[in-house]
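Listed below, chain by chain, are the residues.
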Amino acid sequence: MKTKTLAAERRAKLATKMTAAGIDVLVAYGNGWQGDYLMYVSDFPILEGHGLAVFTPDGACRLFLDSASEIDRATAETAGLDVRFSQQIGRDVAADLKARGKVRVAAAPLAFVPFALVENAHVTIDDGTRLVDDLLMHKSPAEVACVRKAAQTADEAYVIFRQAAKKGRAQYEVVAEVESWLRAHGVADNFMLIGSGGTDIRSVTPPSNRKLADGDLVITELTPAIEGYFAQICRTLVVGKASDAQKTAFAIYVEALEAGIAAVRPGVLASDVARAENDVFRKHGMGEYVTSAYTRVRGHGLGLFADSKPHILENVDTELTPGMTFVVHPNTYNPNVGYIMLGDSVTVTETGCEVFTTTPRVLFDGAA
Amino acid sequence: MRRGLIEWSKTELPESVFDTRIAAMRKAMAAGKIDALVAYTNFTRTSAVSWLCDFIPYWSECALVLPKTGPLTMVSAVSPRGKPWVEGTTYSEILLFSPKIGDETARVLKEALPAGSTIGVVELDEVPAALGLALKATGTAVVDATDAFVAARAAGDAAGIGLAKTAAGFAHKALSAIDANGTDAAAAVAAVDLAARKLGAEESYVAVAPDLRADRRLLRLEGPAKLGDVYALRATVAYKGTWVRMIRTVVRNDSRGLVRAATEQLAAALAELPRLDKLGAMESWLVETSRAAQPLEAVAGSAVPHTKAFAPGALVSVQAATVIDGTPILIGSPAIAGSAGTAGAFLLAPSF
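Going down the list, the sequences are from chains A and B. For the first sequence, my numbering puts the final residue at 368, and the numbers step up evenly by one. For the second sequence, my numbering puts the final residue at 1352, and the numbers step up evenly by one.
Think of the hints as simulated: they come from the structure by calculation, not from any bench. Mixed in with the good hints, there may be bad ones.
To be verified - Chain A is faced by these chain B residues, among others (derived, beta-carbon under 10 Å): (1) Glu-1061; (2) Pro-1084; (3) Leu-1131; (4) Ala-1209; (5) Leu-1218.
Cβ coordinates follow ideal geometry from the N, Cα and C atoms, glycine included.
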């Protein structure tokens, strides 16, 4: 079960920020794709439909949901909320705001709130995304502890993944085994992508019915959530015995991950971590493969969303500070063997970096 | 995100199905004087777009543009590296990639539509503000096209019912995987989840009410819980864009046949669908269907303030609570609403 004190802590921090910014009402939006803003405010991990939380600095929170089947769950899993079923959440929240009179309203993320809210609001709604982003990125020790625990679960779940990834199994059957193991251990949510094959595989996707074959690289990012906080592990295994080419290629990713993690400490920028990873590829003549043609990011924030800020890229100048949690993953395509994934969840500490995931950084294979 | 099997089965959903649906949509657009239709999809509002072109985003968001003539165009925020995956799961003729789908969709429409045109948006109220504002900024009239979409879809098709039957079969088999004598709620949830996903479900959400005598709410389990003497699990299963719910209540030592009696009670009540003011003798109840973008939208129920009409013969998922001989029982199943001369009935009876 979720810790109620964590929700109270988050709301207190939000109230302080709102007061400092002169915001009277914050409207947070969420759905099952991206629920972190809504979760931060309401403590509700939305799954179906979409929702808006209307929060004021006195701690009052009204939650509007458009899935009737989510109402029971919201009343059971949250505390101190006024939960309402609404078949038109944008219009109903606009009416709710109007009843509050002349107030300064911000929404996060403003771009995603239902169109009817901005069309029908009686006041201009400011963009409160950055205000909440700041809270989402800079975590308290209690929040970091949740990510640490989720990382431990990720390590354990990867053992199940390795056991399930056998020749002849379809990708979706492998993922089913992992999901079931997570449910059996009371883990409600997980972000997970998979790929298998050789040089034909350029990225990860949801599981397909492709069957694992001898010599396939099997890549995954596995991202369970504990109390709503996600942590990620990225690893690669080989069905059967790894080839020398696969081992040689993998060694570059180990070097890049170690370089990235070594760069993590307070005061450096996200771009410094990305550069440390990418320099390793450039040193090995693979500079082309750290561009957007072949890969997306060199890591990303972890917390109430599986892919949050900061993105670890050479053009992101977010300063790293203690309490930030993210995954460092130099995942990219290798023209000799295919896409390789390797990544660990970390947090920035007062003196450097703590690595949460403990699974060995090896290319697992049938002989491992 | 979706962690189940997403693939376009051209056996179950041949291209001719989409041709027929698109033709029906264009007919409804013409009736509503709509020159181009925009349908939005993300992780949770998938149904309008998947009905038109099969596509279901496992993550991220997309907008689909259907002009009254011309190619079906999808604007996707998925990374361009995901193009092969998107191409393999959509009937769209043109694929565009942009992180700002609102701006790109507006550009496409501005180039395609002559002055005086009208853009119709499915569930205009519910689309992201960024998309709605970008469309409005084109200077072209923007109207809600939900009614037109619902009208086009109301006719139903055999392919859609076929997918629902498969999904219902998955849900039934998954709920049958429970060890009825077990006491570990997490183990029961895991068994249902594993069975549904291994059968090929696109998604599986399992909720549990571990002790119905204490609390009738169906919850997503986080952490351990013990199953009581009367407990229920709900399987929400998606298969190729079609979603159904089924509920199984277990009454330990059910010598009086309470669960069977509840099933018969619901079967009798379903016969009256699409009557919307009550559901037989059920204490509380909910009817969900997919009208537009939501896979399971509440259209009627004991706690639903505004009932929404659904077509005779429509696929619905019904959840209900009843009390028999002092024992609370939750029951639910996909059903087909009655039509002229035909009573509403279970698509697949929740008998275990």
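Item to check | Which numbered hints fail | outcome: Nothing - there is no hint that the structure violates, so all of them hold.
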